[in-house]
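Undergrad: Keeping their order, the protein sequence lines are chains B and A.
Using this note's numbering, the letters of the first sequence map in sequence onto residues 1 to 73.
Using this note's numbering, the letters of the second sequence map in sequence onto residues 1001 to 1271.
Since the hints were derived computationally from the structure, they do not count as laboratory data.
Mixed in with the good hints there might be a few duds.
Each computed DSS-like pair below joins lysine-lysine, with the alpha-carbon atoms no more than 25 Å apart [said to hold, decoys possible]:
{"id": "1", "chain 1": "B", "residue 1": "K72", "chain 2": "A", "residue 2": "K1269"}
{"id": "2", "chain 1": "A", "residue 1": "K1222", "chain 2": "B", "residue 2": "K41"}
{"id": "3", "chain 1": "A", "residue 1": "K1012", "chain 2": "B", "residue 2": "K41"}
{"id": "4", "chain 1": "A", "residue 1": "K1269", "chain 2": "B", "residue 2": "K70"}
{"id": "5", "chain 1": "A", "residue 1": "K1269", "chain 2": "A", "residue 2": "K1083"}
Sample of chain A residues lacking proximity to chain B, with all beta carbon distances greater than 12 Å (derived) [stated by the list, open to error]:
{"id": "6", "residue": "R1032"}
{"id": "7", "residue": "G1058"}
{"id": "8", "residue": "P1137"}
{"id": "9", "residue": "E1180"}
Every residue gets a Cβ at the ideal spot worked out from N, C-alpha and C, and that includes glycine.
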Amino acid sequence: MTLTVKEKKDVEIEISEAWCKGCVICVDYCPHDVLIMERGKAKVANLAACTACMLCELHCPDFAIVVRDKSKE
Amino acid sequence: MFNYDQYLRITKFPLIWCPGCGDGIVLKSLVRAIDKLGLEKDSVCMVSGIGCASRLTGYVDFNTLHTTHGRAMTFATGVKMAKPDLHVIVITGDGDATAIGGNHYIHAARRNIDLTVILFNNHIYGMTGGQVSPTTPKGMLASTAPYGSMDHTFNISGLAQAAGASFVARASVHNGVQLENYIAKAIQNKGFSLVEAMSPCPTAYGRRNRLGAGVDMIEDLKRDAVPYSKAKKMTPEELEGKVVTGIFINEEHPECRSEYQKIIDRFQKEK
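Isolated chain B, as found in the complex (with noise of 0.2 Å):
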């Protein structure tokens, strides 16, 4: 049996420097280390990784991380 991972390349993921307080909470939640710390803000490093599971944006609790799933859209 094989497995088929669909990769996920229409996703995008905004952060906002100015909102940003860099508490590493998306850092520490995302399952797939699509995001680094860089300069004290947050900063995607590996997008091609993102599945979509929102849990940075579900838990950002400075509304610093936008995460569009264009498939869903």
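Assemble chain A onto chain B, guided by the hints.
TA: Frame of chain B, contents of chain A only:
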């Protein structure tokens, strides 16, 4: 993505809360719950007291009322009595509701008035300088307890239950979806509804007690959370230091404003 902007006062952003504070997660859950229920913005009134949590009303685009310390529930009772069609949501903290406003809190629950109370429990008075609150665990440090708090803590949810609330639930910010569902159920319930949201305070509580940053404190909440169904089978010793999450009570009984309406109707008929 979820469009939060329509419910927020974007010009007031960024939020005042510290990095790692969980209050923003509760705000998000609250906004999603209101959106899920499809409530009109003008049909919601949010009332808050004083404290970090109570700053929430400044960021949301509903009818909002920022009141005096501990008295959020008295103002909310007035709003509900005068405008029974409004969905009145009280935003308060553990110090605000259970210490300074303790009396108002238990009596609002006793009357079973149709309020939805979102109580942020971070174990400390964050905004006023880290003083010990009725929920600071025994032995933990605070600015007014330099050798550790020596008192027992309030079980906020248990208190509401005992006083006569009709919906009582506890959730933690580590699970935003659960929090959203409980808030939605609390708003739908006719009667006094309490959602106790466990939230970390990395600045006033975490730093003094060496609990790490906000993200570490959220990890701790995740580790310590025990579902209510499982907690029922555990002994008090096993539950030591745990946070029981779930819906503790969800039952209908006579609601204050409806009972008052019955009296109004009776006298208007006699007139």
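Undergrad: All hints, please: hold or fail.
TA: For each hint, the structure was consulted:
In summary, the hint linking K72 (chain B) to K1269 (chain A) is not supported, as the alpha carbons are separated by about 56 Å, beyond the 25 Å threshold. This hinted pair checks out: K1222 (chain A) and K41 (chain B) have alpha carbons roughly 24 Å apart, not beyond 25 Å. A threshold of 25 Å between alpha carbons decides the hint, and for K1012 (chain A) with K41 (chain B) the separation of about 21 Å falls inside it, so the pair holds. This hinted pair does not check out: K1269 (chain A) and K70 (chain B) have alpha carbons roughly 59 Å apart, beyond 25 Å.
Proposed proximity of K1269 (chain A) and K1083 (chain A) is supported: the alpha carbons are some 21 Å apart, at most 25 Å. Once the 12 Å rule is applied to beta carbons, R1032 (chain A) is inconsistent with being away from chain B; the minimum gap is 9 Å. At the 12 Å boundary, the C-beta of G1058 (chain A) stays outside the reach of chain B, the nearest C-beta of that chain being 14 Å off. With a closest Cβ-Cβ approach of about 23 Å to chain B, P1137 (chain A) is found to remain outside the 12 Å limit, as its non-interface label requires.
The beta carbon of E1180 (chain A) sits about 9 Å from the closest Cβ of chain B, which is not more than 12 Å, so the claim that it is off the interface is violated.
When the structure is compared with the earlier hints, violations turn up for hints 1, 4, 6, 9 and for no others.
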